[in-house]
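Protein chains: 2
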Amino acid sequence: MSAGQLLIIGGAEEKIHDGEVLSKFVELAGDKNSRIGILPTASEIPDDVSSDYIHTFKQLGVVRVEVINVATRECAEDPSIMELIDSLSAVFITGGDQSRLSELIGGTKLHETLMEKWKKGMVLAGTSAGASIMAKQMIVAADTKLNDDKLTVKLGTGFGFLDHVLIDQHFSQRARFDRLLSAIADNTEIIGIGIDENTAILVHDNKFKVYGEHQVLVMDGKSSNYVNVKVSENGSEELTISGFQLHTLTKGYSFDLANRKLILEKGIQE
Amino acid sequence: MSAGQLLIIGGAEEKIHDGEVLSKFVELAGDKNSRIGILPTASEIPDDVSSDYIHTFKQLGVVRVEVINVATRECAEDPSIMELIDSLSAVFITGGDQSRLSELIGGTKLHETLMEKWKKGMVLAGTSAGASIMAKQMIVAADTKLNDDKLTVKLGTGFGFLDHVLIDQHFSQRARFDRLLSAIADNTEIIGIGIDENTAILVHDNKFKVYGEHQVLVMDGKSSNYVNVKVSENGSEELTISGFQLHTLTKGYSFDLANRKLILEKGIQE
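Protein sequences, first through last, are from chains V and R. Note that the numbering used here gives residue 127 to position 106 of the first sequence, counting from 1, and the numbers run on in steps of one. Note that the numbering used here gives residue 29 to position 8 of the second sequence, counting from 1, and the numbers run on in steps of one.
These aren't lab readings, by the way, just hints derived from the structure by calculation. Predicted model only: the values in this text are computed from it and were never measured. Note that beta-carbon positions come from the ideal geometry of N, C-alpha and C, so glycine has one too. A couple of the hints might just be wrong.
Claimed, not checked - Okay, derived cross-link-like pairs now, BS3-like style, lysine-lysine, Cα gap no bigger than 25 Å in a straight line:
{"no.": "1", "chain 1": "R", "residue 1": "K282", "chain 2": "V", "residue 2": "K243"}
{"no.": "2", "chain 1": "R", "residue 1": "K243", "chain 2": "V", "residue 2": "K282"}
{"no.": "3", "chain 1": "V", "residue 1": "K251", "chain 2": "R", "residue 2": "K251"}
{"no.": "4", "chain 1": "R", "residue 1": "K251", "chain 2": "V", "residue 2": "K45"}
What the hints assert, rightly or not - Stretch by stretch, here's where chain R covers chain V in the computed footprint (C-beta under 8 Å, at least three residues):
{"no.": "5", "region": "186–198"}
{"no.": "6", "region": "276–285"}
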């Protein structure tokens, strides 16, 4: 049995009846037969966020939508939550702050259950903070270089459905190129993936395909022969790097994470 | 006789007595023996801009500082201006709008004279708009993808001291990665160079070396095997590209523009 598909969304996906990204999620979950769980723990206003998604998923024809209410680590150990997860065909992890997800769920029974269910084929989706949490490595804090010249990237530990990948979201819209480059310069074995808003990657079998409106950027430092990270007195990082590989993809294109290249064979792109 | 050195500055260079970038310019110009001309045509407030630089260059020990007042194409054909240029050891092109430089000076006698003098060894520097104008190709207008999702890059013609190079400035500080990538995707034979504020490249003999506080990014699409630029209905560009090479450099590092790689031999870096 192979692991489930992961739909990783760059935030701000259209919550309308024909929004491409969420429609894809519902299709993967099993359409009208699906039972979808919303995990809003990243958000400080989980009820509001959940209501929005319940409304959207119902618009998309899903009858059975559940909220996975986990506001403490105790909740994340509660057997009733595991029973709920067990009944679902797909889980949607909302936006908010990815640190809340790792602090409240990382290492708990819920985390373990999600991993087990996913390995057996359950579909998982996450947007914004819910996208960042998907990989083992995640960016938890960073200023940008915009205007104030400061950049300090801090990494944390995500749920680990992917390894050797670092997901960033709201990518072009929040000008996060510098922070992803900085993170990858510090960890050249990891592939950086910057996902724009209302855009998603569907990951399966070490490949991903792009859905949605904008662009996905892939940053690969593996073949670099030189990296030197200089941290200035004010904490800003300035980089000297040689020969990073850069790829960008739009809707319909696919990327091979194992071989680190754009897939150009016909038939693979829709 | 070889062409003069070009000091290309990403804008907002420190105008203080020990500012590294402008100190380097004054050194190249011949220190106290230099005669520096300030060309403020890019600016809508040329007198204010010129005063600032006169003050700074005098602080740096330069006695002879002249302003090259060119506000019309007629001025740019005036023999007295050519006489002035002929008396200078270096010209500093200020910031403002690079389109003003191309509209008021491009193709005039002044343009031709600067080119001739530079080919005989005169030092040229430009900051911000004055940096963009240095190459044959330049970005004249572009929205960013920041917040509003729109990106349309328009290219114009610069003074052409460099060819097959596209200079962008205020690079990290104004989050211009997307616009440079878009421009290079449209013109993969051109090398994109994004220069941060208070940072400069000194170009000579098809190599450059970095001076100043921050970072210089080099974007090279020459070895890419796939580029597809999609323009959406609202004019935004979304890119699919494969295998662009990316380099970043800080103070003391050098880049070989002919071979498109970071120079790592000892002795070349200071």
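Hint check:
{"no.": "1", "hint": "K282(R) / K243(V)", "verdict": "16 Å, holds"}
{"no.": "2", "hint": "K243(R) / K282(V)", "verdict": "16 Å, holds"}
{"no.": "3", "hint": "K251(V) / K251(R)", "verdict": "37 Å, violated"}
{"no.": "4", "hint": "K251(R) / K45(V)", "verdict": "22 Å, holds"}
{"no.": "5", "hint": "186–198", "verdict": "holds (count 5)"}
{"no.": "6", "hint": "276–285", "verdict": "holds (count 3)"}
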